[in-house]
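**Q** Taken in sequence, the protein lines are chains X and Y.
Per this note's numbering, the very first residue in the first sequence carries number 571; after that it's consecutive.
Per this note's numbering, the very first residue in the second sequence carries number 1223; after that it's consecutive.
FYI, nobody ran anything at the bench for these hints, they're computed from the structure.
For clarity, every value in this text was computed on a predicted model and none was experimentally measured.
One or more of the hints may lead you astray.
[Claimed, not checked] Cross-link-like lysine-lysine pairs, in silico, DSSO-like; alpha carbons within 27 Å at most:
1) X:K924 x X:K1147
2) Y:K1341 x X:K1184
3) X:K1184 x X:K1227
4) X:K1227 x X:K1173
5) Y:K1341 x X:K1227
6) X:K814 x X:K1073
7) Y:K1341 x X:K1190
8) X:K884 x Y:K1270
9) X:K896 x X:K954
10) X:K1000 x X:K1011
11) X:K1184 x X:K1173
12) X:K1073 x X:K1057
[Said to hold, decoys possible] So these bits of chain X aren't anywhere near chain Y, every CB distance computed over 10 Å:
13) P644
14) T718
15) K884
16) V897
17) D1104
18) R1240
19) N1242
20) I1248
Just so it is clear, CB atoms sit at the ideal spot from N, CA and C, and this is done for glycine as well.
Below are the chains, spelled out letter by letter.
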Amino acid sequence: MPAEEMGKVTDRMRFAFAVSSLIFLAVLAISPFKDYRREWKQYKRTYLRFAQGRPDTKRLTADYSPDIDQIWIPGMNVVDRCTTCHQGITQASLADSSVPQPFRAHPPIPHNVRDWGCTICHRGQGPATAVAEAHESTLAWEQPALPTHFIQASCGTCHQSDLPQTPQLVKGRQVLAELNCVGCHKLQGIERPAMLGPDLSSIGTKVSREWVYKWLKEPRTIVDKDGNVTVNGYETEEEPRMPKFRLSETELRALTAYLSVQNAKPLAPYRISSAVVASWSKNPELISQGELRFRQMFCSTCHSLAVTRAGETKLIGGDIGPELTKVGSKVNPDWLVAWLRDPEAYLPHTRMPKYGWSDEDLYKVTQYITTKLVDPDLLNDVPKLDPPTDAEIQLGRRLFAEKGCASCHAIEGISPQKDFGPDLSALGAKNASELEFGTAKIAHNLVSYIQAKLQDPVSVNPAARMPQYSWEPGDLDAVITALLSMKGAPATSALQNLVVPRKDASFRPTGSFAELYERYKCYTCHKFNGYGGDLAPDLTYEGSRVQRQWLIEFLKNPQTLRPTLILRMPQLNMSEKDAAILADYLSMVMQHPAVNPAAIDSKQFTPAMATLGKQLYEVKYQCQSCHTIGASGGYVGPNLNNAGGWLTPAWMEAWLKNPQALVADTIEPRRNFTDQEIQALTAYLMTLRAGLKPQKTASISGARLLAQGAGR
Amino acid sequence: MKRRNLLFTVGLIALVSLSGCRKPAAAAKADPLLAAYDSEPDWSDATKSVSLRYQEAQGKRVFYQYCVWCHADATPAGPSNRSNLTPVPPLLNDGATLNSESDEFMQNIITLGGSAMGKSAMMPPYGRTLSAEEIRSVIAFTRAIAQPPFQPPGRPGSQYSVK
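Could you build the full structure based on these sequences and the hints that come with them?
**A** Here you go:
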């Protein structure tokens, strides 16, 4: 460019300048337009139009603000702008399902949304103002919103005690405990029990090497004719606790060799008196008598048997102990006799009670088990196994430690490795980038990861040591919920203060009661001060509830008037002395503070009161819809045929006043009785006496839990 | 040469401004079951399942604790008490009977019992056992599983058949 032309503005430059100015203007104009078109502003305008078309438009528009709305709770790390778009969440009038999202009101929950924010429960990105960034795992932010199906996990993060409103979470925690996940993993709020899997110190005296081989290969005993494992979907809905390990032939041979020589603490053999054997062994009634005793003792309350009816095989019976359909082909008959006499001697911490046996009963029942509960084809698929060699035993011993068997099973000479599996107590707070997805073709988020890992551990990590579990669909979702709830130690002290810890339930009786309580394993089915099983009635207030004499009779000979029940109190063949000790302790100690036996005198009841009570029972309140007296009535509540010989008048009175005050979750509705009506009803019920002892339904509480979780 | 520079500048500006218009990440298709709080099998057709909202799911929980014993044909403990009662109580999903009853009536009969509402005294009052909120949730559950489906009053069913 010549020097004289410097500084001169040519037309060309003017043109270029004009064009670039126009472009800049256009670019500048784009940004207000873009701002106007922002996602959240569009939702704001849509909401305003929606509110103007509603009958309560005045209130809705009064609450409307065109800006970003934010819930800020500094102590809890909450900066939630969700209410910018979800504008109707606190408007009660927008609760109807016809209101379009995102404007619908939040369903009524025990927490006020404004005090808690949204991401505490729903996760996702609180500060985000775009739909995708707020709800999904995008590159910049990693916590996606929790699918509604698993939302109970968020309740569990603070509520470590169980809530009735979160059945899925409660079930998930139960399944985690039942499947012994704490054997290998550290889990928040789940303690390691005294016994996980059975003690294998003397397993060689109980089962054959062939049986162990079959069990390790496929830990199910019942396979249908097509080779399908059909324990699933049986009436008990229970999975065997033992998972399936992916073992090679060499590993199977080595482990079976090692286990078959375990003989550290064998049971002392018991010889049934030869007179009993001589008099019964030739008796054609032997097996049927044995079956009868097996039934009468209610072994089926804890153990199930496969029963084929109308071409359909079902497991009938309880799920506390193992299923016994083919147990006769499993265990050594001499071991069986010694085990039944004294289970605790073989297996410390077993839940099996020590029954009182006569030699005659013991012979009949064991003969029934070893003759009838068998399957000659059970071990057909097992290859021929030679006597174990030293090399096999050594390899088996190593594998037992390496595979983590020792985490659940005690055995002589191997102590469990601490923290065998990863610590899962903060799994629920993990970001997707902290997880190994391997080559699995699944969505990269925490929920999909947990789901894939539980369903098939090797899908996300080919070298996983975790064995294969098989899941009921409901159980899988429940376990995912429980795992998502475990977010480790709270991040701030404000969050720490919100934690509702799990109540430590323990019951440590003393004296001669404690011995019998241990011997009969009362806690396997009954609860005492919050500790114990939930199959049978809670006995925490049994002393206030029942008469001592009834208790003694019942313990000696438990009966029920409910022919439909499968799960009943077993016949423990208790002596008069044992029954009296148990009854004394229960009547003295297990008392409800609000039930005062001195407050009511059954002598003051007159026949006129009883007549009035009968009328109230039958006509005004129609109690017969749920309770049976005589041969008619319902069977929701307990049978009252022997109410006068069973319950204490003080309990009846307190119960009629307010049943929930005595048993918090009882289904008996609280009625509006007058004091006079309560007296009359008590007087009437005290006149009811019968030889047969009524019993509260054993299955309702357990079954109720099932129903809540499974949704059947 | 200059023209090329100019075109380059214009192009650059256009690119920069266009980059601001990036498409938001496409929302993944949500699994309908994951979006539902809970679900209940359709009582009259086991192959189908009804997805439940929060309140309905709370109602389901209350129902399976308190009501199932008489208002269903199968209970978690086995047989139902329904056949023992005269008059026979309606099944909870019996839309033909319950759809025509208003929410107020349902709330009253559960709270006050059958005899207060001129029905069977065998239906006990639950007003002192359950909270009003729990009773409302049971009604919401009833409406959710009703067969034929429940139509809220004031909004008659569409005259056009669903495609």
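**Q** Next, verify each hint and record whether it holds.
**A** Each hint tested on the structure:
A distance of roughly 16 Å separates the Cα atoms of K924 of chain X and K1147 of chain X; the hinted pair therefore holds under the 27 Å criterion. Restraint check: the Cα-Cα separation between K1341 of chain Y and K1184 of chain X comes to about 21 Å, which is no more than 27 Å; the hinted pair holds. Taking the CA atoms of K1184 of chain X and K1227 of chain X, the gap is about 18 Å. The hint holds against a cut of 27 Å. Only pairs whose Cα atoms come within 27 Å are accepted, and K1227 of chain X paired with K1173 of chain X is accepted, the gap being roughly 20 Å.
Distance hint between K1341 of chain Y and K1227 of chain X is fulfilled; the C-alpha atoms sit about 24 Å from each other, no more than 27 Å. Note on K814 of chain X and K1073 of chain X: the hinted pairing is violated, with a Cα-Cα distance of about 34 Å set against a maximum of 27 Å. For the proposed pair K1341 of chain Y and K1190 of chain X, the alpha carbon gap of about 13 Å is at most 27 Å, so the pair holds. Of the supplied pair hints, the one linking K884 of chain X and K1270 of chain Y holds, its CA atoms being roughly 24 Å apart against a limit of 27 Å.
Proximity of K896 of chain X to K954 of chain X is assessed by CA-CA distance (about 21 Å); at most 27 Å being required, the pair is judged to hold. Taken as a hint, the K1000 of chain X and K1011 of chain X pair is honoured in the structure, with Cα atoms around 19 Å apart against an allowance of 27 Å. Distance hint between K1184 of chain X and K1173 of chain X is fulfilled; the C-alpha atoms sit about 18 Å from each other, no more than 27 Å. With a CA separation close to 19 Å, the supplied pair K1073 of chain X and K1057 of chain X stays within the 27 Å bound.
Every Cβ of chain Y is farther than 10 Å from the Cβ of P644 of chain X; the closest lies at roughly 28 Å, confirming the non-interface assignment. Residue-level check failed: T718 of chain X sits 5 Å from the nearest beta carbon of chain Y, not beyond 10 Å. The Cβ of K884 of chain X lies farther than 10 Å from every Cβ of chain Y, with a closest approach of about 13 Å, so its non-interface assignment holds. The claim that V897 of chain X lies off the interface holds: its Cβ sits roughly 26 Å from the closest Cβ of chain Y, which is beyond the 10 Å cut-off.
The Cβ of D1104 of chain X sits about 13 Å from the closest Cβ of chain Y, beyond the 10 Å cut-off, so the non-interface label holds. A beta-carbon of chain Y comes within 10 Å of the beta-carbon of R1240 of chain X; the shortest separation is about 4 Å. The Cβ of N1242 of chain X does not lie farther than 10 Å from every Cβ of chain Y; its closest approach is about 7 Å, which violates its non-interface assignment. The beta carbon of I1248 of chain X sits about 14 Å from the closest Cβ of chain Y, which is more than 10 Å, so the claim that it is off the interface holds.
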